[in-house]
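Chains as they are written, first to last, in our numbering: chain D, 1196 to 1874; chain R, 1196 to 1874.
Certain hints may be false.
Straight-line distance between alpha carbons at most 25 angstroms, and here's what the computed DSS-like set of lysine-lysine pairs gives [said to hold, decoys possible]:
1) K1644(R) to K1275(D)
2) K1546(R) to K1644(D)
3) K1612(R) to K1499(R)
4) K1275(R) to K1644(D)
5) K1275(D) to K1275(R)
6) K1814(D) to K1644(R)
7) K1475(D) to K1546(R)
8) K1546(D) to K1546(R)
9) K1708(D) to K1291(R)
Because the hints were derived from the structure by calculation, they are not lab data.
Residues per chain are reported as follows:
Number of protein chains: 2
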Amino acid sequence: MIRKYTIGNPIPTGSVVTPVKAEEGLLPGWAFDSEGKTLSYSMREDDLVYGLGETVRGMNKRGWIYTSNNADDPFHLEDKRSLYASQNFIMLIPGKLSGRQIGGEGGEAGRDGLSGGLFGLYVDTPGVIHFDIGFTDLDTLTIRFEDFDADIYLITEDTPRKIVKELRALTGRSYIPPKWAFGFGQSRWGYKSADDIREVVDSYRREDIPFDSVYLDIDYMERFKDFTVNKENFPAFEDFVTEMKEEGVHLVPIIDAGVKIEEGYSVYEEGVRNKYFVTKEDGSELVGAVWPGRVHFPDFLNSKARKWFGRCYSFLLDKGIDGFWNDMNEPAIFYTEDRLNSVLEQVDQFKGRDLGVMEFWQFRGLVTSLENNRDDYKTFYHDYDGTRVRHDKVHNIYGFQMTRAAGEAFEELCPDKRILMFSRSSYIGMHRYGGVWTGDNKSWWSHIKLNIQQMPGLNMCGFLYSGADTGGFGADTTEDLLMRWTAVSIFTPLFRNHSALGTRSQEFYRFPKVKQFRDLVRLRYALLPYIYSEFMKAALGDDMYALPLAFVYGDDERARRVEDQLLIGESIMIAPVYEQNALGRYVYLPEEMKLIRFRTDSDYDEEILPAGDHYIPLKLNEVAVFLRKGHCLPLADLSAAAGPVKGMEDAFSCPLKFITFEADPEDYVRYDDDGITRI
Amino acid sequence: MIRKYTIGNPIPTGSVVTPVKAEEGLLPGWAFDSEGKTLSYSMREDDLVYGLGETVRGMNKRGWIYTSNNADDPFHLEDKRSLYASQNFIMLIPGKLSGRQIGGEGGEAGRDGLSGGLFGLYVDTPGVIHFDIGFTDLDTLTIRFEDFDADIYLITEDTPRKIVKELRALTGRSYIPPKWAFGFGQSRWGYKSADDIREVVDSYRREDIPFDSVYLDIDYMERFKDFTVNKENFPAFEDFVTEMKEEGVHLVPIIDAGVKIEEGYSVYEEGVRNKYFVTKEDGSELVGAVWPGRVHFPDFLNSKARKWFGRCYSFLLDKGIDGFWNDMNEPAIFYTEDRLNSVLEQVDQFKGRDLGVMEFWQFRGLVTSLENNRDDYKTFYHDYDGTRVRHDKVHNIYGFQMTRAAGEAFEELCPDKRILMFSRSSYIGMHRYGGVWTGDNKSWWSHIKLNIQQMPGLNMCGFLYSGADTGGFGADTTEDLLMRWTAVSIFTPLFRNHSALGTRSQEFYRFPKVKQFRDLVRLRYALLPYIYSEFMKAALGDDMYALPLAFVYGDDERARRVEDQLLIGESIMIAPVYEQNALGRYVYLPEEMKLIRFRTDSDYDEEILPAGDHYIPLKLNEVAVFLRKGHCLPLADLSAAAGPVKGMEDAFSCPLKFITFEADPEDYVRYDDDGITRI
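Full structure from sequences and hints, please.
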């Protein structure tokens, strides 16, 4: 059941597709403080709180304060309150103290009128809000609003997955990418030319590592201008796209939010002519700077500008491109022209003086505060289809609306084709138009764990097509880190190796253990029939692909607290190693399961393990999959392939083989393409 | 056995106290590349590498590159190569592949002439070196020198602890602090006045939480000048010290490396008059800036300057102070006058121009590179007792020599008294004069684990008296983080709660669960007889207080890889919880042990557990101690105290009680004060 409560006069976000009539009265079970602009809820000690999508820390969000305030911040540290996205959905899963268990039959009447204590809460507002989930006080959940305007949807059902289903019914079906987007993709900020790309492709082919795509970061553009191609480094781009396609490789270019200010550049000129850019108080276009230098930002909240920008993608679609990633759309701003000028003025006063420490910090602070300064978001405006709105009031939906621009255009321009699209910034609702990658992470072991922990949060908010930069974007990777991380990413729908300019190169073929990397990637391709099928079930069934154990074994006190294992689809659980130099790890089995220890897609052993705690030895090249009882795991039998397995199509054309645990392969419902194929 | 190999012409560090004659020839088993300035060693896949003291990442240092280059860096992240200290000692513990096990009898002849593969290596050089321990190539250990000058000590023995003992014989006995320094201490950057301190003291007393010290961060000084007291905020300081002492509270002021430039300030004037400060190429004193604003840095490498600075501590000793912490002694430099002037000049050129992104980064980089700029270390010189040496060539021993200044002065000024001293920056050799705290950590759960992992590295390098800022220095703490962290710190010799200005206050009495904090701190005091005794055994026996399992159970393949459990002294193992919202953790027992689950010092249960893997439930207020078979744990029986247990003395005057596991309390050799007390 969904009930809606409206506070104040919320600015619409475009998130909800199925309108719900607002209830009278206040949110039941919550204390309302209009002066403090807060809503508060008393948690029992053993309640769990899930949700908030792509945020730092654990799956259970208790013990920190999270701020929805989309931010370009490459330091995904424990004490960060905001990352790139605002996914304002939380779910409270009560424990025994609430007098009720999850998944149990019936149970006692709920507390606070909240259906036994289990509930989901979606706070729909485009502005800044804070979720204090036991930070200030361990057992108090407080939502604090900067503007007390929001539509709040309270969802009560008797299982977590039914709540997720309701949220999806409210906000729309999840985006489904093309099938090839489930293959492996190589990326790096630093591929500068068609020849650089050819070298990547040749190296992967030489090492017999399957892959389906190569990503183009900002360097493919002409002076970082959206919807242009650098003609010097990518001569005859269209032919190159064709050449790659014939090789079975999809090129996936990046699109940034900012549009370069440059005379004669048609996107810029069209935008100015039609007033499609955000404006300052005086009506002139905001001048910010990102990669191209000085830019204007498209007003994605303006439906006409959105339509225009979406159609710009045809520049690349027409050249055969069928996938994109939207970046810098929080929006990231290196500096605004106004602030830079002001800072350069102020810097003068520090000259020729004996700077005390406080003055020095002031001087330094002036300069370091130029980048992504929150105050800049108060200096420009949107034409939100007739209403002028200051950016900070709608900040969190900017990236969403950019990706919506693309998604709506794709529906119009290529109605019969799925186009790959994922975005850095997001908001619930954007899940209808694209997936997300988890942004500029680091080559840190802790970020392997974060990757695991972010998956279910994203899934419950609708972002099924998601994944992290495997091996880490920033910082230097190591061979073992990359290998353990890859063993996670072979299970995430988006599986991409991506890294930053200046860091250690991390294409798989660069390492001595290239054979083990090949085996891992081949395992991904062997798993594709399962991964694709389970993804489609989740997408079409408004369900989740990656689930925390608490969502399925909510009555199991131990399972409720497991933070580093995931259920992937209906059949399997994974428990990746994310600690350096570890030769195994502990795993909790909530029920009897069959351990499949993969060394390659054809070399693995199977062992039935009882429910309970296990230490599972796992060498660097081994991957543990736990098959649930009564289930089976279909695998593409790559050994039966007609030729080399180069990509997704080769894998899907292999015969299936099944690993089973007291189940009949006939009973596995397999989704292939859009429909259901009964095997 | 210790063998010394000299490369080039190393600058002496003062680290070694027992001279060793250099061998002819090259370091056996290592490849020598004089052009690349490297030494390389081929590791077997299952070799472990321990050491390097206070560095990031795991106990087993494999898989990263560590640079000895003392740095004031408050972001102790996985990808950092340098922290505050240079502790250039590593130990390679071979696995089965080397044909030999540790702790086993005899065994096969070693490989590479290295006594069965087990060895320690101490690289004594004051300059910058890099330990690439399987970063570039998983199985290669390379030491790269910026200057190829070093004394290298190769230590081969048949157990890790014998190697540690040899290292200690080479570099001297570990510092022993006064007994009260094993009590709990409260600290915060932000206590501004005697009344602030009184409030802390009163609050702890009111909550009946024992403690022995309160730390004074920079604010106690007059304008941040060393060896001054702010008369306004601390009127009649000497009386205040006495008042606190009568309360049983030791005040522990901070001393920074930089000396404020201020006419009429005697320390400054004496330093200038006697040429005790480091100088630039032209012979004039370097002007840097730290907390006091513009400062000169004492030339701690000059024995006369060292003697002078050491005697300055008497200003505070004479007022009754008996403990200090030395800070900012890498040295940290916010900016040098020369670089600041140059940057302010250069900033001009950016005015009135359209800054492209690259120019903007250049502008920003100019300003952000002011702080702790490594190039500044090339602009000043020491008078190293007659030889002029550029700072960067001896950078890593600066903090060591500062603390040596203090330590040597204390021996002279108060020969019969132990003075508390610990330092932020260090180098092996400094362990004779003081302990260390692990610097400006954060309120991160990962830093609880780092705290655990840094302890054995520090111990093997001689730094027995050590500990972390409990609850985290930077970032905001949470009540549960502080509690889990405290459950670790009650076992570290230095037990201090410290936090930074601007972060959430974290004195124990500020939280709702103050009773549980009281119980934890009381447990520390109950453990004091054991902690003190085991510390003294380690110090007097040139042994370790906190040991990795691999040092004791080196033949146990599983124990060798345990990264989050520690042996504390001879009787116990600890396995702290360091994950938020966890209600327990996995523990590996290398042998049958008795679990003692403490809720308070008098409320605990005991359970004998077999060797192997266990999941141990541990509530937020519970502490697990694992008692080894044939051992016993003495506890001060606080329940038998005559009055309230206010501090260390009260605990030590309680009768002892023993928890035993097939052992006789009579057999426990207890060290009290300097001597051995047979119970």
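Hints and how they fare:
1. K1644(R) to K1275(D): Status holds; Cα separation ~19 angstroms.
2. K1546(R) to K1644(D): Distance ~45 angstroms between K1546(R) and K1644(D) Cα, so the pair is violated.
3. K1612(R) to K1499(R): 24 angstroms, holds
4. K1275(R) to K1644(D): Roughly 19 angstroms separates the two Cα atoms, so the pair holds.
5. K1275(D) to K1275(R): 19 angstroms, holds
6. K1814(D) to K1644(R): Holds. K1814(D) to K1644(R) sits at ~23 angstroms (cutoff 25 angstroms).
7. K1475(D) to K1546(R): 23 angstroms, holds
8. K1546(D) to K1546(R): Status holds; Cα separation ~14 angstroms.
9. K1708(D) to K1291(R): 22 angstroms, holds
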